[in-house]
Amino acid sequence: MEKEKYSIIVFSGEFDKAVAAFTIATGAAATNREVTMFFTFWGLNILKKKHGRSAVGRGFLAKFFNLLMGGRKNLPLSRFNFGGISPRLMTGMMRKHNVATLQELIESAHLLGIKLIACEMAMNILEIEREDLVDQVQEVIGVSTFLDYSQDAKILFI
Amino acid sequence: MEKEKYSIIVFSGEFDKAVAAFTIATGAAATNREVTMFFTFWGLNILKKKHGRSAVGRGFLAKFFNLLMGGRKNLPLSRFNFGGISPRLMTGMMRKHNVATLQELIESAHLLGIKLIACEMAMNILEIEREDLVDQVQEVIGVSTFLDYSQDAKILFI
Amino acid sequence: MEKEKYSIIVFSGEFDKAVAAFTIATGAAATNREVTMFFTFWGLNILKKKHGRSAVGRGFLAKFFNLLMGGRKNLPLSRFNFGGISPRLMTGMMRKHNVATLQELIESAHLLGIKLIACEMAMNILEIEREDLVDQVQEVIGVSTFLDYSQDAKILFI
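Protein chains in written order, with the working numbering: chain A, -2 to 155; chain B, -2 to 155; chain C, -2 to 155.
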């Protein structure tokens, strides 16, 4: 019997949504499902190598956007940010309850064989290069290739 | 022939998204589809028993988050909140057009046989107990059990 | 063999999410998939004919909401708006990289045979009339009709 497949489009760059995406993805992969994560727009932020607000984009507009987006360590929550306090609180609560943090989730995703893919078009628009992203990213592809990969999968948009 | 199945992950706690989730769910259930709703993170807020900003969480961090999240009567909109005016306006418009309000939608969902499920991990992180949630919640389960339930279903992430 | 089908529920009215929805939709349609887009709540805003903050709704509450929502030219981003600067910046970056803008995406969607549908209930609540929406909208239907259309489709909620 063929493995059940999940494709997760990670559009959002907020900390809580990223945690939700990885929790579903790793939960699925750990129970013998095949999982692909496609990071696009703000979601690319989750995969950025450099921490902090280092502007990885090349042009001015890209730099401006990247600055606003911050790095992986600076992901905001989708609600209540208060100058970055809430993500740290949330991380604290996750620690306390032994839930993996984002960095661990990326690593776990990779170890569980989850395919981490970056969206080519969004990288072009935001002027992000392959080397700006963490090594665990396996491919940079366009939307229609991603749809081909997702033919027999359940797709989530997060 | 087997019933068509829908699984709805309710991650967001905003009033408008909650209404959208329940509208799709009840619309599906009323037309002979099998529906499961899995409430996680901010979505758990929709299921809270106590109204108002009563902090149901146990620890300090949990209390802080729960306070911020408010109760079921205080769900914000995903856009434009203005100190809580907009949800009431929206409710008013829904009333005027005979659309059910959230409380009625939860009740309808239950009567239509929709399975209301709370996410175990999110409850742990936010330190919410089973008794803090409305009686209509049938189960508290983890992500992979939810994925098992969703094997033949279409999944939405809201 | 039957065509693969996609149904996209466009709930959000933000510029970036609208672009994401149309990019997935046109990418799918251009590669021989059958696509339906169902616009509801804030998503209806994307389909409004009149530009600017002209209040198309009829009653006071509807006018208030429509005013807040703005017109198609005024879609905010889901993050960072700064008085409307960011969508224009994003459009500029999209131009620079030859990515189609929203208006072109709606037109392309239509030309590619994508079915553009408006949600009846949301139109009632927000008091939007058929003539307020662009001509490319093919139908105004309820949720359960939309679910019927989506029987063999992958569904995304954006």
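There may be inaccurate statements among the hints.
Each pair may be met inside one copy or between any two copies, as identical chains are not told apart.
[As the list claims (entries may be wrong)] Pairs of lysine to any residue, SDA-like flavour, derived with a Cα cap of 20 angstroms: (1) K93 <-> N121; (2) K93 <-> E126; (3) K0 <-> E126; (4) K2 <-> V131; (5) K2 <-> T88; (6) K93 <-> E117; (7) K93 <-> E31; (8) K0 <-> K93; (9) K0 <-> Q148; (10) K2 <-> S105; (11) K0 <-> D132; (12) K2 <-> T98.
Simulated from the structure, these hints should not be mistaken for laboratory data.
Would you pick out the hints that fail for this structure and give their numbers low to high? Structure breaks hints 3, 4, 5, 7, 8, 11, 12.
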